[in-house]
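K.L.:
Line by line, the protein sequences are chains A and B. The first sequence: position 155 = 155 (my numbering), numbered continuously. The second sequence: position 45 = 287 (my numbering), numbered continuously.
Derived from the structure by calculation, the hints contain no laboratory data. Treat each hint with caution, since some may be false.
Result set (SDA-like, lysine to any residue): computed pairs, CA atoms no more than 25 Å apart in a straight line [as the list claims (entries may be wrong)]: (1) B:K286 to A:P96; (2) B:K286 to A:Q176; (3) B:K286 to A:W22; (4) B:K286 to B:A272; (5) B:K286 to B:A273; (6) B:K286 to B:D297; (7) B:K286 to A:E227; (8) B:K286 to B:L298; (9) B:K286 to B:E299; (10) B:K286 to A:R236; (11) B:K286 to A:A146; (12) B:K286 to A:R231; (13) B:K286 to B:F267; (14) B:K286 to A:T44; (15) B:K286 to A:D149; (16) B:K286 to A:L181.
Stretch by stretch, here's where chain B covers chain A in the computed footprint (C-beta under 8 Å, at least three residues) [said to hold, decoys possible]: (17) 34-46; (18) 49-58; (19) 91-102; (20) 112-124; (21) 134-140.
Partner residues are not named here, just some residues of chain B that face chain A (Cβ under 7 Å, in silico) [what the hints assert, rightly or not]: (22) M243; (23) W246; (24) L270; (25) R284.
C-beta: ideal position from N, C-alpha, C; glycine also.
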Amino acid sequence: MNWFYFASPATFYGLAGRLAPWFFILAAVLAAWGLYLGLGVAPTDAQQGEVYRVIFIHVPTAWMSMFLYFVMACYCGLTLVFNTRLSAMMARAIAPTGAMFTFIALWTGSFWGRPTWGTYWVWDARLTSELVLLFLYFGYIALANAFEDPRRGDRAAALLALIGVVNLPIIYFSVQWWNTLHQGSSVSFKGTSMHVTMLTGMLVMSFSAWMYAIGATLVRVRAVILERERRAQWVRNLPEAA
Amino acid sequence: MTLWWSSWSAFWAMGGHAFFVWMSFGALLAAIVVEMVSLRLRRKRALAAIEEERDLEAEN
């Protein structure tokens, strides 16, 4: 099999169109299962009460906000090193979904914090670095669209995205490095301190968020390909462009 | 796998934290709807731009 076959926008356009619905279906099934566990079955938290259920979307969206930035930065690295077109388009396609998840992580954290900490917002290391992540996504999107020549935009924004990668370990380790109001992780690579239904619900919701992000990225990259290749003959020959 | 709640009203009340819980879940739902609509619009606009470009070239 030739792995570079789908590295061309023309062939990837069709593949993305065929794959996207399956990722959305998977995301919906997982979300139904995860919400059933998280909102229906999981017991209440002894310390926080029912408001703790916000974590079933807060933690998955926060994880995805960082993971998507990492994947976007990888595509940006490919763009700068190999000057590949599809990688730049993929990075552009990921950014809005990454920003959406970052915003939701901040928003849900805030609505969890109000009854739990007594405040919607505090300039704590974890919250501040996550807010910086949101601005990095916005900066990437703005810079990518700031140039007449889209390929210059690709490269300038890719550089910004790569510099911004230093923020990821800062977010991740902020709860250890600084004395933050935000609690430390309940789930780590070493194990967990959580009730098994809570943990399962959170992991299922995380997979759902992941599948949704892939689906949304694939749909968006198709639009980006159409925008960028609109003068190409293969685009004009598409049945949907007729 | 038994449900935690004794009734629907207990579920919606979320132990007195209904506002905070549903503002969170509602925001995520709204964000997904906004993203789906904007994806559809972006595709529609991209397809319209292809048509425009083709018409311009036909005129010249």
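K.L.:
Which numbered hints turn out to be false for this structure?
P.N.:
2, 13, 14, 16 and 21
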